[in-house]
Amino acid sequence: MFEFFSIGQFHAQLRDGIVTCRQAVEHFLRQIDSTKHLNAFVEVYADEALRKADQLDMKRNAGKPMGSLHGVVIALKDIIAYKEHRLTASSKILNGFTSIYSATATEKLLREEAIIIGSCNCDEFAMGSTNENSAYGKVLNALDETRIPGGSSGGSAVAVQAGLCMVSLGSDTGGSVRQPADFCGIIGLKPTYGRVSRHGLIAYASSFDQIGIFANRIDDVAKVLQVISGPDAYDATVSQSEAANYAGKLSENQNKKYHFAYFNEALDHPSLDKEIARSIKNTIEKLKENDHAVEAVQFDYLDYIVPAYYVLTTAEASSNLSRYDGVRYGYRTKQTVSDLTEFYKFNRSEGFGKEVKRRIMLGTFVLSTGYYDAYFTKAQQVRQLLVKKTKEIFKNYDFILMPTSPSPAFKIGEKMNDPIAMYLADIFTVMANLVGCPAISLPLFKHSAGMPFGLQAMTSEFNEVSLLQVSKQLMELSVH
Amino acid sequence: MEVNDALVDKLAQLARLKFEASEKEEIKNDLQKMIAFVEKLNELDTTGVEPLLHMTDEVNVLREDEVMGSITRESALKNAPLHDEKFFKVPKVIKPPVPLKGELKSESSSVNSEQNLK
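From first to last, the protein sequence lines are chains G and F.
Numbering-wise, this note's numbering puts 236 at position 236 of the first sequence, and it's gapless, one number per residue.
Remember, this note's numbering sits 1000 above the position in the second sequence when you count from 1.
In short, the hints are calculated from the structure, not lab data.
Bear in mind that the values here come from a model prediction, so they are computed numbers and not experimental data.
It cannot be assumed that every hint is accurate.
[As the list claims (entries may be wrong)] Simulated restraints on C-beta separations:
| hint | chain 1 | residue 1 | chain 2 | residue 2 | range |
| --- | --- | --- | --- | --- | --- |
| 1 | G | 273 | F | 1073 | 31 to 41 Å |
| 2 | G | 290 | F | 1078 | 52 to 62 Å |
| 3 | G | 296 | F | 1042 | 22 to 32 Å |
| 4 | G | 350 | F | 1092 | 12 to 22 Å |
| 5 | F | 1021 | G | 396 | 16 to 26 Å |
[Unchecked claim] The calculated lysine-lysine pairs, modelled on DSS-like cross-linking and capped at a C-alpha distance of 25 Å, are:
| hint | chain 1 | residue 1 | chain 2 | residue 2 |
| --- | --- | --- | --- | --- |
| 6 | G | 288 | G | 391 |
| 7 | G | 92 | F | 1078 |
| 8 | F | 1028 | G | 354 |
| 9 | G | 415 | F | 1028 |
| 10 | F | 1040 | G | 334 |
| 11 | G | 92 | F | 1018 |
| 12 | F | 1018 | F | 1028 |
| 13 | F | 1024 | G | 415 |
We put the beta carbon where it would ideally sit given N, CA and C, even for glycine.
So that you can see chain G by itself, here it is in the shape it has in the complex (with noise of 0.2 Å):
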């Protein structure tokens, strides 16, 4: 029986010739069998994933070195590029669409010989906090069948949380990483923007859009980031900076005293669940006792966040998905038409679905004659200010601490009317997308109504070294 724990010990059993490949891939594939009613995938490669294996297995045996993700079984958000595997967003609009090339992440992933095993469902083109905007239905939280398990990247944080892949690939453009994972108990990592390339990431905002990773385990999540960043001629936004070594470095640091913020705004804020905000003041109490210097930052844009973060990723995914106009790719029309505006018009408004077209035509609004100034230009001079205001933080302390969440995983159906109720659930989350830095949440607690729920750190752009160390150690604290 199969039995996975992290990468380094699968490695080590590999090596010892306890386990095979082979049998890595038979557990998942079994249980992806027995969770198929979670909706947790889009699609599963099982031939070709046990085909993978095998060779994997031959080569080792041979005596060839290891990859260092060597047989690691990796599920991807359906909507980072696989070549000739479908690749849908999870909308209509993109129904069939096979993808030509692959991502860069998926390049990394593949050449470090990892598997791939299969591609999550998501909400449509990552927009979405709950998973149910998909073109394939809703996805269950595998502790609570009756709730969400957060989005966009739904199906990837479910696939680590019932145990049927060992890490696998999301998206973050505005906690779409974090939640889920705050929501399903696991690790959910935000890179800093331009650590990981984008190339080949279905974009939604692309000044927001990064990829990030769930795990269950810290040391597995520095493994997979130190594969998939760096430099990438594909993608001009990323950075010039090779990855770190930080699966390397994880050990180091772990008595390391360190500066930590947090604000009263958002601990005493009125949308945060009483429980969530007492479990962060324990926490908060502990590293003192633990001898950190930990200190309230004032913290007055709180409240802004959330709006200056749907003006400009709306007029980012307006512009954005403007090219799915159902010519060169994609769903098109049965109607009869004669005229092209209405062709583009049947396409899209066939292919796409609600809350696509909600944020399209906000986007639209505040992109267009007359509101340009008063909205998507004031939205930048706000982010401005809070880039400002996150790097004074930074001077003086090494990292903020915040809930991921208001509340722990909602019922299905809960805010799926009310788009504002459903928006200012990002609220802890969309500050790192708007600023830029890297942000993870791990997962710390459990709620009286049963669900996990996680505590936020984030750190300065391309700190993800010391995030991660910091990381171990706060996972450690709440062991003890």
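Got chain G sorted already, so can you dock chain F onto it with the hints?
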């Protein structure tokens, strides 16, 4: 800011979207709520603040100008809803020229009604 039917129609036209009469009321209400929500930003004084335009410090990351491979025509056409060996195909949407005043209607105007979805 009040969202009315005319604004919804204008935005739908710009975004190349279509809302049936039954959906229109809903999108109007949603837009109204969303716009009211983002108007909270007006409470902040941003006088003299430079709008933030770029998220990275990377400037003009360019490669050498060498001819490099791209995708083949075959793979470019692979995902098209309708195509032949060379081209993407769309319904005939080109209208006949509008006759000038006094000009006789030419024969070619008959293409107007033709549907060309083979």
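Hints, one by one, checked against the model:
For the pair residue 273 (chain G) and residue 1073 (chain F), the beta carbons lie near 56 Å from each other, so the given range of 31 to 41 Å is not met. Roughly 57 Å separates the CB atoms of residue 290 (chain G) and residue 1078 (chain F), a value that falls within the hinted 52 to 62 Å. The beta-carbon spacing between residue 296 (chain G) and residue 1042 (chain F), approximately 28 Å, falls within the hinted interval of 22 to 32 Å. Between residue 350 (chain G) and residue 1092 (chain F), the C-beta spacing of about 20 Å keeps the proposed range 12 to 22 Å intact.
Range check, residue 1021 (chain F) to residue 396 (chain G): about 57 Å between beta-carbon atoms, so the 16 to 26 Å window is missed. Only pairs whose Cα atoms come within 25 Å are accepted, and residue 288 (chain G) paired with residue 391 (chain G) is accepted, the gap being roughly 24 Å. Taken as a hint, the residue 92 (chain G) and residue 1078 (chain F) pair is honoured in the structure, with Cα atoms around 18 Å apart against an allowance of 25 Å. Annotation: proposed proximity of residue 1028 (chain F) to residue 354 (chain G) holds, straight-line Cα distance about 13 Å (limit 25 Å).
Proximity of residue 415 (chain G) to residue 1028 (chain F) is assessed by CA-CA distance (about 19 Å); at most 25 Å being required, the pair is judged to hold. Restraint check for residue 1040 (chain F) and residue 334 (chain G): not satisfied, since their Cα atoms lie roughly 42 Å apart, outside the 25 Å limit. For the hint linking residue 92 (chain G) to residue 1018 (chain F), the alpha-carbon distance of about 16 Å falls within 25 Å, and the restraint holds. The hinted pair formed by residue 1018 (chain F) and residue 1028 (chain F) meets the criterion: a straight-line CA distance of about 13 Å does not exceed 25 Å.
Between the alpha carbons of residue 1024 (chain F) and residue 415 (chain G) the distance comes to roughly 21 Å, so the proposed pair stays at or under 25 Å and holds.
The structure is inconsistent with the numbered hints 1, 5 and 10, although it conforms to all the rest.
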